[in-house]
Amino acid sequence: MTQKPIEPAGQGGPTSPNTAGRPPGPIRRALRENNVRVGLIIFSLIVLVAIFAPMIAPYDPQERLRTADGELARLLPPQRDYWMGTTNFGRDILSQFIVGTRRTLSVGAIAAFMAVFIGTNVGLIAGFRGGRVDNLLMRTTDAAYALPFLPFAIVLVGIVGRTDLILIAVIGLLFWRTTARVIRSQVLTTKERTFVKAAIAGGASPRRVLYAHIAPNVVALALVYGMLLIAEAVMAEASLSFLGFAPPDSLSWGTIMFDAFTSQRMRQAWWWPMFPGLALMVFMYSVYSVGQGVQRALRHMDTPNIGPSTRRVRRALKRSVSVPVAGDPPDALVAVENLAVTYQPRTPEEQPVPAVKDISFRLDAGQMLGIVGESGSGKTTAVRALLRLLPPTAEVSGGMWFEGRDLYRIGDSELRALRWEHLAFVPQSAMNSLNPVQRVENQIIEAIRVHRDVTRAQAKEMCATALQQVGINPARGRLYPHQYSGGMRQRALIAMAKVLEPTLLVADEPTTGLDVVVQDQIMADLERVREELGTAITIVSHDLALVSETCSSLIVMRDGDVVEAGPTDRVVSDPRDPYTRMLLSSAHGAPAGTHGSTGA
Amino acid sequence: MGARVRKPTTAAIDVRDVTVVYSAARGLSTLLKKHQVQIIQDINLTIQPGTVFGVAGESGSGKTTLAKALTGLAPVSNGSITIHGREVADLDQAEWRVVRSDVQLIFQDPYDSLNPRFTVFDSVAEPLRSQGIKDKPEVERLVRTALADAELDPDTFSYRMPSQLSGGERQRVAIARALVLDPNLIIADEPVSMLDVSTRGEILSLIRKAARNRGVAVLLVSHDLSVLERVCDEIAVMYLGRIVEQGTVADVFCQPRHPYTQALISAIPSVDQTSQRSRTTLQGEPPQPAQRPAGCSFHPRCPRCDDLKCRTVAPLLEGTEQMYACWHPIEIVRKDPA
Numbered sequence: 000m001t002q003k004p005i006e007p008a009g010q011g012g013p014t015s016p017n018t019a020g021r022p023p024g025p026i027r028r029a030l031r032e033n034n035v036r037v038g039l040i041i042f043s044l045i046v047l048v049a050i051f052a053p054m055i056a057p058y059d060p061q062e063r064l065r066t067a068d069g070e071l072a073r074l075l076p077p078q079r080d081y082w083m084g085t086t087n088f089g090r091d092i093l094s095q096f097i098v099g100t101r102r103t104l105s106v107g108a109i110a111a112f113m114a115v116f117i118g119t120n121v122g123l124i125a126g127f128r129g130g131r132v133d134n135l136l137m138r139t140t141d142a143a144y145a146l147p148f149l150p151f152a153i154v155l156v157g158i159v160g161r162t163d164l165i166l167i168a169v170i171g172l173l174f175w176r177t178t179a180r181v182i183r184s185q186v187l188t189t190k191e192r193t194f195v196k197a198a199i200a201g202g203a204s205p206r207r208v209l210y211a212h213i214a215p216n217v218v219a220l221a222l223v224y225g226m227l228l229i230a231e232a233v234m235a236e237a238s239l240s241f242l243g244f245a246p247p248d249s250l251s252w253g254t255i256m257f258d259a260f261t262s263q264r265m266r267q268a269w270w271w272p273m274f275p276g277l278a279l280m281v282f283m284y285s286v287y288s289v290g291q292g293v294q295r296a297l298r299h300m301d302t303p304n305i306g307p308s309t310r311r312v313r314r315a316l317k318r319s320v321s322v323p324v325a326g327d328p329p330d331a332l333v334a335v336e337n338l339a340v341t342y343q344p345r346t347p348e349e350q351p352v353p354a355v356k357d358i359s360f361r362l363d364a365g366q367m368l369g370i371v372g373e374s375g376s377g378k379t380t381a382v383r384a385l386l387r388l389l390p391p392t393a394e395v396s397g398g399m400w401f402e403g404r405d406l407y408r409i410g411d412s413e414l415r416a417l418r419w420e421h422l423a424f425v426p427q428s429a430m431n432s433l434n435p436v437q438r439v440e441n442q443i444i445e446a447i448r449v450h451r452d453v454t455r456a457q458a459k460e461m462c463a464t465a466l467q468q469v470g471i472n473p474a475r476g477r478l479y480p481h482q483y484s485g486g487m488r489q490r491a492l493i494a495m496a497k498v499l500e501p502t503l504l505v506a507d508e509p510t511t512g513l514d515v516v517v518q519d520q521i522m523a524d525l526e527r528v529r530e531e532l533g534t535a536i537t538i539v540s541h542d543l544a545l546v547s548e549t550c551s552s553l554i555v556m557r558d559g560d561v562v563e564a565g566p567t568d569r570v571v572s573d574p575r576d577p578y579t580r581m582l583l584s585s586a587h588g589a590p591a592g593t594h595g596s597t598g599a
Numbered sequence: 000m001g002a003r004v005r006k007p008t009t010a011a012i013d014v015r016d017v018t019v020v021y022s023a024a025r026g027l028s029t030l031l032k033k034h035q036v037q038i039i040q041d042i043n044l045t046i047q048p049g050t051v052f053g054v055a056g057e058s059g060s061g062k063t064t065l066a067k068a069l070t071g072l073a074p075v076s077n078g079s080i081t082i083h084g085r086e087v088a089d090l091d092q093a094e095w096r097v098v099r100s101d102v103q104l105i106f107q108d109p110y111d112s113l114n115p116r117f118t119v120f121d122s123v124a125e126p127l128r129s130q131g132i133k134d135k136p137e138v139e140r141l142v143r144t145a146l147a148d149a150e151l152d153p154d155t156f157s158y159r160m161p162s163q164l165s166g167g168e169r170q171r172v173a174i175a176r177a178l179v180l181d182p183n184l185i186i187a188d189e190p191v192s193m194l195d196v197s198t199r200g201e202i203l204s205l206i207r208k209a210a211r212n213r214g215v216a217v218l219l220v221s222h223d224l225s226v227l228e229r230v231c232d233e234i235a236v237m238y239l240g241r242i243v244e245q246g247t248v249a250d251v252f253c254q255p256r257h258p259y260t261q262a263l264i265s266a267i268p269s270v271d272q273t274s275q276r277s278r279t280t281l282q283g284e285p286p287q288p289a290q291r292p293a294g295c296s297f298h299p300r301c302p303r304c305d306d307l308k309c310r311t312v313a314p315l316l317e318g319t320e321q322m323y324a325c326w327h328p329i330e331i332v333r334k335d336p337a
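As they're listed, the protein sequences go chains A and B.
Here numbering that gives the first Met the number 0 is used: position 245 in the first sequence is 244, and no number is missing along the way.
Here numbering that gives the first Met the number 0 is used: position 19 in the second sequence is 18, and no number is missing along the way.
I should point out that these hints are in silico values taken from the structure, not numbers from a laboratory.
Positions of the beta carbon are idealized from the N, C-alpha and C atoms, including for glycine.
Treat the hints with caution; some may be incorrect.
Covered stretches of chain A, going by a simulated chain B footprint (3 or more residues, C-beta under 8 Å) [as the list claims (entries may be wrong)]:
hint, stretch
1, 200-210
2, 481-487
3, 508-518
4, 540-552
5, 570-582
Just need the whole structure built from these sequences, with the hints factored in.
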């Protein structure tokens, strides 16, 4: 099986084959990026240097070296024996650097771990407990933000003295604040997810809810922050050491720069502070590229794949692939012949997905066509292909004509002119696509004036009529979308779609998520549009009963194939495909014997 | 509230005069009573073990709040809830945890109701672990039984992750999780609304089977009457926080007495070509609970409202077998629908 059909999401049952592997985790996903790989290699190298420091270092870092003629090897520039040159006391900078890596990294890592540990727990508890606890912890976090790093460090070192512990404490006690805030906001969202509610309903103790259910779903982010914090902590350690807060005789990248600075020989010995400085930069780069790569991958995983956003659709419009079949334009309003759509894989390991295999239909003015299928059947892809709304990964073949024009041969500008005026589309969940900061009325008026050369007053008039026709009081057009119910938003969109009196209106799942009564009102609106304007309407839906009531012909799709097509009366009274029969039997008003009585 | 002594009944759940009040006010004005909004009001219902009780209504009718109140997730302001003879309306969150093994939930969204980091086995075992059942063979046995009851093969599915399951399979896992503690009551809030049509039937009959075979009472909440019609024994229709009609499925569907029930039934799309149903006569959408109309809450949208009584006096839920709250109920055309 080279081409795996899309699995219908609802194909339940213990016997259903399910071979899909686990989706790649964030780490594996991040590793697909080249700069993440490079970063990881550099980071590993630096860690290896730190681990094996005493074995790699060519000299004892404290040893005063002498040249062959017995002179102290003082301030020698980089050369064969001393790759990074020597100090004014004749010490090998490379050896100091290698041994110093150990301290730099360990102080950084321990401090970062401390910061992430504190921050994660503060964030978890604040977000989970809420109320007074949240307030107290978050105000403490604000206070931590208010503490300036250097003065805080200077005061603390002044009181306690120069020890490694103080360095770690200063970094750890200040840098947890960002982690705490990020984790808290993650907890606030995760807390509202259904599986957390399910755990509470199952009687889980608050402790268990927090540490078994919420924490594992947010700590991935904490790890990313931990990674980024190592970079910050290493930088902070270098700054503090450079300013002379490191314990005497300790070695780190920062102390090498401190020695170079206090020797007052930096002007001659450019190599002395340069190598540790460069190392810091490279280290920061490696940590950030890995950390941010993982963060990107996590964000990608957390966004469920709910189809392309309108912005992406709009961008994709310009690039839609066109593989038309030449032929004479048929005389129907809409003609689709042998339409097939295959999604090309984005990565080499994926297979091309045939979303629509072969679909043909014709639609005349004033007709209503219903395309029925379950999720994954290709019904939405089919109409989006007709409207040239597919992303560039979709390969389209077949012929599509609208008003005698080959939709895949006309230019973008001609297509743009057809849209809305002749060819209106109400996408799925369109009710959420209204601009939230604009009055509903203004959005409709804008749409009118883009296409028609009318005055604002005329457009307003048209808008009022359209709203009236879908049962919305035109006075309420002055409201904002959030002041509308879901049903009203959907009806406003239908008003927007019909206001330019299109010849074809395509509605994708126009009633999903709405109550039956509102669903009935919306279907009545669509029927009225057809009656008053003679508009041809195509409704895409999972609900066979719903479309069978309004549409004169039906297409039933499954896994990209058309399993049945024909006049509604025939399909409903005499279904030929077992799948149609199954859909019919699970619909309301099905013939007796298939399910519970209706008492008709 | 004083202790309300009730005789333990055999019912799985007994709800008496339950009211849930939310405060619409912020800050100090929360202390004033006038800002309080009754989300559900004076709800009475009893569910017997082994039966499925349906609650219908549009969004905003309070059906989800009712489900929450019965699981201790919404504060009950007034009334009594007796689950298996035990009064639970006054329990706080910690006390509720003990009762939880008796009341389980099935949620609407199967794509969000399973912890993405838990295997199927762990998800189903979670309630057992929460209730302190740690004995490994016992947990294994109970989980396998529950999975089998949900018609999922334990060997195939135990170690799958939620991302590898279809919507229907996820909902079966959720059902197994609800069954594993052998509860007396399962509350299912729109359990099939996010599933494909062909899967809905399977899940619904599974819920019905679970009720019959395990003797568990099920409260099924849905806005889709055709869903309720298929599985429920009894049904209550809610409008703006109150039950407006209640009775057996056969009675309510064949002979609705309340005009709202009739409107909901007539709004169900049907593939039956012979009976051309009329489109709903209802206009607009239900008002907000904060702006409850005087008298009968339904009167502004009611096709039968014609006198002052409807606009001023709220009808009570009355009747013996089939109860309805309406001043002008629809007349019974024939007694026997068969």
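Check, residue by residue, whether the stretch 200-210 of chain A contains three or more positions whose beta-carbon lies closer than 8 Å to a beta-carbon of chain B, and give the verdict. Answer holds; 6 residues pass the 8 Å Cβ test.
Claimed coverage, the stretch 508-518 of chain A by chain B - three or more beta carbons nearer than 8 Å: Our answer is that it holds, as 5 residues pass the Cβ test (under 8 Å) against chain B, meeting three.
Between the stretch 570-582 of chain A and chain B, are there enough contacts, at least three residues with CB-CB distance under 8 Å, for the coverage claim to hold? holds (count 4)
Taking a Cβ-Cβ distance under 8 Å as contact, does the stretch 481-487 of chain A have three or more residues in contact with chain B? Since three or more residues must qualify, the claim that chain B covers the stretch 481-487 of chain A holds, with 4 doing so at under 8 Å.
Verdict on chain B covering the stretch 540-552 of chain A, criterion of 3 CB contacts below 8 Å: With 7 residues in contact (Cβ-Cβ under 8 Å with chain B), the coverage given for the stretch 540-552 of chain A holds.
Checked against the numbered hints given earlier, this structure breaks none of them.
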